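Novice: Next come the chains, spelled out residue by residue.
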Amino acid sequence: MDSISIVAMASIITAGICMAIGSLGPGLGQGRAVQGALSSIAQQPDERNSLTRTLFVGLAMIESIAIYCFVISMILIFANPFWTYVIKKAGG
Amino acid sequence: MEVVAIHQISPDQVILFTWGFVTVNATLVYTWLIMAFLVAGSYLVTGQLSTDRQVSRWQNVLEVIVSGIRSEIGDMVKEGADSYLVFIGTVFLFILASNLFTFIPGYVAPTSSLTTTAALAIMVFFAVPLYGITKQGILGYLKEYFQPNFIFFPFHVMGEFSRTLALAVRLFGNLMSHEKVVAILLAVTPLLFPVVMQVLGLLIGLIQAYIFAILAMVYIASATQSHEETGHETNRNHK
Numbered sequence: 001m002d003s004i005s006i007v008a009m010a011s012i013i014t015a016g017i018c019m020a021i022g023s024l025g026p027g028l029g030q031g032r033a034v035q036g037a038l039s040s041i042a043q044q045p046d047e048r049n050s051l052t053r054t055l056f057v058g059l060a061m062i063e064s065i066a067i068y069c070f071v072i073s074m075i076l077i078f079a080n081p082f083w084t085y086v087i088k089k090a091g092g
Numbered sequence: 001m002e003v004v005a006i007h008q009i010s011p012d013q014v015i016l017f018t019w020g021f022v023t024v025n026a027t028l029v030y031t032w033l034i035m036a037f038l039v040a041g042s043y044l045v046t047g048q049l050s051t052d053r054q055v056s057r058w059q060n061v062l063e064v065i066v067s068g069i070r071s072e073i074g075d076m077v078k079e080g081a082d083s084y085l086v087f088i089g090t091v092f093l094f095i096l097a098s099n100l101f102t103f104i105p106g107y108v109a110p111t112s113s114l115t116t117t118a119a120l121a122i123m124v125f126f127a128v129p130l131y132g133i134t135k136q137g138i139l140g141y142l143k144e145y146f147q148p149n150f151i152f153f154p155f156h157v158m159g160e161f162s163r164t165l166a167l168a169v170r171l172f173g174n175l176m177s178h179e180k181v182v183a184i185l186l187a188v189t190p191l192l193f194p195v196v197m198q199v200l201g202l203l204i205g206l207i208q209a210y211i212f213a214i215l216a217m218v219y220i221a222s223a224t225q226s227h228e229e230t231g232h233e234t235n236r237n238h239k
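Sequences listed follow chains C and V, in order.
So for the first sequence, my numbering puts the first residue at 1; every next one is plus one.
So for the second sequence, my numbering puts the first residue at 1; every next one is plus one.
Hint data in this document are derived by calculation from the structure and do not stem from the laboratory.
A few of these clues could be false.
[Unchecked claim] Derived DEER-like restraints, expressed as beta-carbon distance ranges: (1) V/L16 to C/P45: 51 to 59 Å; (2) V/V77 to C/Q30: 46 to 54 Å; (3) C/G25 to V/L49: 46 to 54 Å.
[Stated by the list, open to error] So the derived list for chain C, only partly shown, Cβ under 8 Å to chain V, looks like this: (4) R53; (5) F56; (6) S64; (7) I67; (8) Y68; (9) M74; (10) F78.
The structure displayed is predicted, hence computed values, not measured ones.
No residue lacks a Cβ here, since even glycine has one placed at the ideal position from N, Cα and C.
With the rest of the complex left out, here is chain C (with noise of 0.2 Å):
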């Protein structure tokens, strides 16, 4: 195999481990997240809001995580920097 054809697989290969694993954990802790927040929301109805509010920050933290593994994996795709060096060099 070449060198062009190894990197092609592995960009692709691991921006999709990378999606799989890393919406893993954000999924199950925005999960048991919401749950919190709604049991919160069922016991004292009065904090809605501020609740409400702190399950959005809290979310948007979790979700950050998830996210660098999305753009990880979009730069794999769509911008690798191998992937132009090993056609730059094999263009010549």
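Since chain C is already given, all that's left is putting chain V on it; use the hints.
Specialist: Chain V alone, transformed into the frame defined by chain C:
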């Protein structure tokens, strides 16, 4: 109409023209359009403000927006919401406007480029010590870095940088991912389904603008209000 091709990751790569060393790309042009819209809109409305019983409908709109943002800030800080309103409100309205205009064909949100979001995050990065020093003084602000003891100083500094990075990448990632998902769905199922995704995109844009403003406010509030003070505050509430 496709402005950003599917293999391009940000509107920075769409270069409209170069003039000497100045390169004008799609991000810049759409940022200018948003700025012109916001400035012209608020200039036209605030030109004829009145305190009569009968106010114009656009003044009503602005009052609803501004008092909404102010009450949201007022829930998070005890006093002086107006001093934060200038910065937080401007950032919120800019992000909101640039996110919500995505339903216009041919428009690309400037917030789907990492350069815009990085600029916004760096503004928050500098606003935190500015507000902190004006409220607490230099010594009081620097003391926060050594809480609970001096070992935590490097972690506080690292936290400042990593949360700025997270602020920038979160907004960029959400907007860019939504754009890519719509572009891919347009190729797979061209009828009706992309419209549903566009509606979802409006919701995402609104929530991301809200989250950006709230997080900026949380960071600024954590720098301006010392922990002892807030602790007493919660204790009193419990009693």
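Novice: In ascending order, which of the hints set out earlier in this document are inconsistent with the structure?
Specialist: Violated: hint 2 alone.
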